[in-house]
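**Student:** As a plain string of letters, each chain reads:
Protein chains: 2
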Amino acid sequence: MTGPVIYGRVALIGLGLIASSMAHAMRAGGLAGEIVGYAKSPETRAVARGLFCDRVTDTAAEAVAGADLVVLCVPVGAMGAIAAEIGPHLKPGAVVTDVGSVKQAVVDVVAPHLPPGVHFIPGHPLAGTEYSGPRSGFATLFQNRWWLLTPLDGTDPAEIARLRHLLEAMGANVDEMDVARHDLVLAVVSHTPHLIAYTMVGVADHMRRVSSQEVIKYSASGFRDFTRIAASDPTMWRDVFLTNKDAVLDVLGRFAEELFSLQRAIRMGDGDQLHAYFTRTREIRRGIIEAGQDTAAPDFGRAPVQPKEG
Amino acid sequence: MTGPVIYGRVALIGLGLIASSMAHAMRAGGLAGEIVGYAKSPETRAVARGLFCDRVTDTAAEAVAGADLVVLCVPVGAMGAIAAEIGPHLKPGAVVTDVGSVKQAVVDVVAPHLPPGVHFIPGHPLAGTEYSGPRSGFATLFQNRWWLLTPLDGTDPAEIARLRHLLEAMGANVDEMDVARHDLVLAVVSHTPHLIAYTMVGVADHMRRVSSQEVIKYSASGFRDFTRIAASDPTMWRDVFLTNKDAVLDVLGRFAEELFSLQRAIRMGDGDQLHAYFTRTREIRRGIIEAGQDTAAPDFGRAPVQPKEG
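Those protein sequence lines, which keep their order, are chains A and B.
Take the first sequence: its letters are residues -11 to 298, numbered as in my numbering.
Take the second sequence: its letters are residues -11 to 298, numbered as in my numbering.
Watch out, some of these pointers could steer you wrong.
Remember, identical chains collapse to one label, so a pair may be satisfied in a single copy or spanning two.
Here are the simulated SDA-like cross-link-like pairs (lysine to any residue), alpha carbons at most 20 Å apart as the crow flies [as the list claims (entries may be wrong)]:
1) 28 - 106
2) 233 - 17
3) 28 - 159
4) 28 - 143
5) 233 - 146
6) 233 - 244
7) 233 - 258
8) 233 - 255
9) 233 - 257
10) 233 - 47
11) 79 - 17
12) 79 - 253
13) 233 - 152
14) 79 - 29
15) 233 - 248
16) 233 - 252
17) 79 - 12
18) 233 - 261
19) 233 - 145
20) 28 - 141
21) 233 - 153
22) 233 - 264
23) 233 - 253
24) 233 - 256
25) 79 - 47
26) 233 - 251
27) 28 - 164
28) 233 - 195
No wet-lab data here; the hints were simulated from the structure.
Turn these sequences into a full structure, and let the hints steer you where they fit.
**Tutor:** Listed below in structure tokens is the structure:
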């Protein structure tokens, strides 16, 4: 093994998009001495064995034995059971992190199962694609993406720094954040937009008067962005909404109020209200481009779409 | 002038993103003998004169005099007044088309002003960016994009074919559609998604507990797609919602019902309903990728975003 090894042995629990991308990135950078994996499904384990893990075990307990870093990459709803299973087998001084999209719920169910002397540093990479599973990973998934850490009070700063070092070596930009604030900010920038996108795609699917063929054919106009968002992993998102319930319901309530206000403006023909609203939202977009979070290319940076037969 | 000229003189009325892109595309392909432009604003006329028009006039009436093709590129709400102004000055046998996002409202206000012998063929290019104005155009905007025509009964098929020829020469895929169906399909795939995106961005903007700095910083997760949609031209979109009111209110009503059903599932903790819904919407996305309407690249085909300081 050459390269700047940061953790001697890394155990990945759950082997989907995030774990497989981490493994590819760690291998590409020589960041881990050994990568051990575990997943519930035998098929997933077989893929991981051939594709990105040095060793794959048949139980989570075996996977974490002797590991310096344990990364929980299972859906948020499965975190508690996995933590209970691995808790007694963790090496003293090991670091445990996770990649769940919700943080308070993970802290609540994971922390009680971890023995003293194990460092728990909850985390959340803001990276993903519409694909899932062990074949979907790639080494550059985290390049220039945010990876939020929500360390609890009293966590050893040296261990936080070491984990940051690994994440940055995989290309991520790391930020630290309070657990509750994380869940609220993510409800606004990610969770609620996903629910809304799912809903709009569902509406289109249900409208009998508009054939799904037409919806697909003419989807370039706004709707396509919604379908991309709405294609993410159903299990992961179910767990997000069930575990970040309060923040999501709060934002959804505000959304419904705003939407009804605009709907009323349309019904009443109040063009001034609509114009003022649309002008204001445009400013936020400008801010995002100035912050370098997206390209301003006129084709939105996408590769040209293929011509279709009319 | 070399190249396959399709119309001897083309008049563009309104000189924003669509008109300037048409002018660039027609010049690149040598598709028009002369391109004459008119816009309400003197600044816009000055830009167009230097950038993409052979001639710019101070009135719409002058611009259409002698034109073989007149393209109305003003917001839907301004179509009627412009049609009244140019009607008496149109050359017998001229073709008039428009690029409005709503078709019934345009037909209603434009058709009555056109003299017999003029061919009116309403149209709608499904192409755009978040930018507007005469400097925002580029020759490839219509490449592999749909351009819908909604010809009225009795329109000369030879004139429809000639207009199709021009649009295809600019790179578009042309489809013909009934006026009412156009307005409903677009309400589903474009108009309502835009209103929803505007709303979500507005909610984020209003939430005092989430600083707009954070919203912008972590916008990569779903929200960024909304802000892109919500950055489109406010005047154009105001007119869309005012003039396609019935279809948009219909779709919005369905959207609210669906959203409340999912919101209730979250509140009740009904994971099965959420999972089943999210699995179904994923299928539509698969259809769009198979139809070639979007790339399946894991980074969504976007250029990598720039690293930021944490």
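**Student:** How would you label the pair residue 233, residue 253 (within, between, both, or neither) given a Cα cut-off of 20 Å?
**Tutor:** between (30 Å within a copy, 10 Å between copies)
**Student:** I want to check one pair: residue 28 and residue 106. Are their C-alpha atoms no more than 20 Å apart within a copy, between two copies, both, or neither?
**Tutor:** Neither: 24 Å inside a copy, 69 Å across copies.
**Student:** Between the shortest in-copy and the shortest cross-copy C-alpha distance, which are at most 20 Å for residue 28 and residue 143: within, between, both, or neither?
**Tutor:** neither (30 Å within a copy, 64 Å between copies)
**Student:** Pop the pair residue 79 and residue 17 into one bin, within, between, both or neither, using alpha-carbon distances up to 20 Å.
**Tutor:** neither (25 Å within a copy, 69 Å between copies)
**Student:** For residue 233 and residue 251, with the copy left unspecified, which applies at a CA distance of at most 20 Å: within, between, both, or neither?
**Tutor:** Between. Shortest inter-copy distance 9 Å satisfies the 20 Å Cα cut-off; intra-copy 26 Å does not.
**Student:** Indicate which option fits the pair residue 233, residue 145 if close means a Cα-Cα distance not exceeding 20 Å: within, between, both or neither.
**Tutor:** neither (31 Å within a copy, 57 Å between copies)
**Student:** As a check of your reading, is residue 233 near residue 255 (CA-CA no more than 20 Å) within one copy, between copies, both or neither?
**Tutor:** Classified as between: cross-chain Cα gap 7 Å, same-chain 32 Å, threshold 20 Å.
**Student:** Taking 20 Å as the upper bound on the Cα-Cα distance, should residue 233 and residue 17 be classified as within, between, both, or neither?
**Tutor:** Neither. Shortest intra-copy (38 Å) and inter-copy (55 Å) distances fail the 20 Å Cα cut-off.
**Student:** When Cα atoms must be at most 20 Å apart, do residue 79 and residue 47 count as within-copy, between-copy, both, or neither?
**Tutor:** within (16 Å within a copy, 81 Å between copies)
**Student:** Give the relationship of residue 233 and residue 248 under a CA distance limit of 20 Å: within one copy only, between copies only, both, or neither.
**Tutor:** Between copies, since 14 Å is at most 20 Å while 22 Å is not.
**Student:** Within a copy, between copies, both or neither: which one fits residue 233 and residue 146 at a CA-CA cutoff of 20 Å?
**Tutor:** neither (33 Å within a copy, 59 Å between copies)
**Student:** First find the shortest C-alpha distance between residue 79 and residue 253 inside one copy, then the shortest across copies, and answer within, between, both or neither for a cut-off of 20 Å.
**Tutor:** This pair counts as neither: shortest intra-copy Cα distance 61 Å, inter-copy 40 Å.
In summary, the structure is inconsistent with hints 1, 2, 3, 4, 5, 10, 11, 12, 13, 14, 17, 19, 20, 21 and 27 from the numbered list given earlier, while agreeing with the others.
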